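Based on these hints, arrange chain B with the ligands on the given structure of chain A.
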Amino acid sequence: MTDPIIKFDKVVKRFGDLTVLNKLDFEVQRGEKVSIIGPSGSGKSTVLRILMTLEGIDGGVVTVDGEPLWHEKAPDGTLKPASETHLRKMRTQLGMVFQQFNLFPHMTVLRNITEAPVKVLGLSKKEARQRAEELLELVGLADQAQKYPGQLSGGQKQRVGIARALAMRPNILLFDEPTSALDPELVGEVLNVIRKLADEHDLTMLLVTHEMRFAKEISDRVCFFDRGRIREEGTPEELFTDPNEDRTREFLAAVLDEAPGTTG
Amino acid sequence: MLFGFEWDLSSPLAFALSILPILLTGLLVTLQATVVGFALALVLGLVWAVLKAAPSRIISWPVSVVIEFIRDTPLLVQLFFLYYVLPEYGIVLPAFMTGALALGIQYSAYTAEVYRAGLQAIGADQREAARALNLSSARTFTHIIVPQAIPRIVPAMGNYLVSIMKDVPVLSVVTVLEMLNVAKIVGDRTFDYLIPLSLVGALYLITTLVASAGVRLVDTWLPKEGIPLK
Ligand SMILES: Nc1ncnc2c1ncn2[C@@H]1O[C@H](COP(=O)(O)OP(=O)(O)OP(=O)(O)O)[C@@H](O)[C@H]1O
Ligand SMILES: [Mg+2]
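Keeping their order, the protein sequence lines are chains A and B.
For the first sequence, position 197 matches number 197 in the working numbering, and the numbering has no gaps at all.
For the second sequence, position 90 matches number 90 in the working numbering, and the numbering has no gaps at all.
Note that these hints are calculated values from the structure, not bench results.
Some clues are possibly wrong.
In silico DSSO-like links for lysine-lysine, alpha-carbon gap of 27 Å or less [claimed, not checked]:
hint	chain 1	residue 1	chain 2	residue 2
1	A	K147	A	K125
2	A	K73	A	K23
3	A	K125	A	K89
4	B	K224	A	K119
5	A	K147	B	K224
Where chain B lies over chain A, by a calculated footprint (3+ residues, C-beta under 8 Å) [what the hints assert, rightly or not]:
hint	segment
6	75 to 82
7	98 to 106
8	109 to 121
9	126 to 135
10	164 to 173
All values reported here derive from a predicted model rather than from experimental measurement.
Ideal Cβ placement from N, Cα and C applies to all residues, glycine included.
Just chain A, same shape as in the assembly:
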């Protein structure tokens, strides 16, 4: 496997005295679907937030599609910290689905989805609307376009969140525990939409989740994070049925025990 679309090269991230990522090496191939699992506080969200440029880094280099994300190449070839212009350019590759949906409550579902395509990509209102309608169809909410987020169930909100992220046509879609904030009976409808996306060949997906069965089903690869490092990774079969590390075994035993099947 060559030419990864995402590459973390000895990435360090600290919050004050707390080192959250300690020289993390991590690669994702184009079109790959990768699930990230691991205990609370192990740095899973931090990895996604660094990619979405919501969080800076304190060391190492993150590369997206061959270009450094948090750095820019100076004319003499050295790397200097990225400017906002560079970050804006890089961000067009990525989309994010948030645990708490983060929809804009004062805008209709349609406006939530069209706002950025119109203002950032420069689409006409008509084009943006058309694209939004297609996406709402995809997530099964074609009839909800004129509602406000406050009028939707959690599952519907998250499906709007997915449509909103897709409207920017990202190459890489990041999901941070997309079903953790949902009532158990609403988890399925969101997972069905993500499952559909997983069939798309070109889309690279990074999914932080506690849904072990779902991760097993859709992932090409599963990474077990522990204290800011990848403790173990492999195909779902390898990792779930025959983990090498005791730490992985303990974690899996604990989560499968407390959540047989479908909680987030």
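The following block gives chain B with the ligands in isolation, referenced to the frame of chain A:
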């Protein structure tokens, strides 16, 4: 006689009715001072709030000091300052403008805090969603943050509008002919203070109740989740 209206001292009721038009003239000035002072407070407060949020401490620190100074000094002191000190530097404003300016400056310290709190109440999740969608920071501010802050800001501002109205009588000390000052002049001339002052109280009560009801009406009409801008 005052402002062309004669008073009728034949009975308390006749007296009250005859001075009502005079007091209403004063009420008009009170309302004008309220509106101008409020408008100044809204604009100046926004300027303070924006400057105070500036990333550079060279800007934000002096602004914090100014706001604190305004907040911790009485309105009357500021009024005297504007009325007696500014002319020494060649800035002579009409009494009414001086008064409205003092009200605006005094209340800008409070409105600045309302803006700050209202904007800050819009959580990081909204900013992060906007950033993930690559919206510019200007667009995020005007179309994501501000529309959601408005329903939090407006009710507090409405309460300050009522407070400003009740502070207008302070302007009488620099000769502004607002309602209380007019009532006092009537009393001075007729040696009857009870009726003019009672009327002032009643008129204040009515205007305050109306204004408060208006504020509540706007409050219920505003969508809690925010107002989308075009
Ligand atoms: N803004 C921040 N300031 C300080 N500490 C932070 C901040 N964000 C995250 N942390 C800390 O960094 C560590 C890793 O956080 P992260 O959110 O990446 O964990 P996680 O693996 O996603 O956990 P969870 O499963 O609970 O979501 C945690 O200890 C967290 O408390
Ligand atoms: Mg997390």
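Results for each hint:
no.	hint	in the structure
1	A:K147 to A:K125	holds (18 Å)
2	A:K73 to A:K23	holds (21 Å)
3	A:K125 to A:K89	holds (22 Å)
4	B:K224 to A:K119	holds (25 Å)
5	A:K147 to B:K224	holds (15 Å)
6	75 to 82	violated (count 0)
7	98 to 106	holds (count 7)
8	109 to 121	holds (count 5)
9	126 to 135	violated (count 0)
10	164 to 173	holds (count 3)
Taken one by one, the earlier hints fail for this structure at numbers 6, 9, listed in ascending order.
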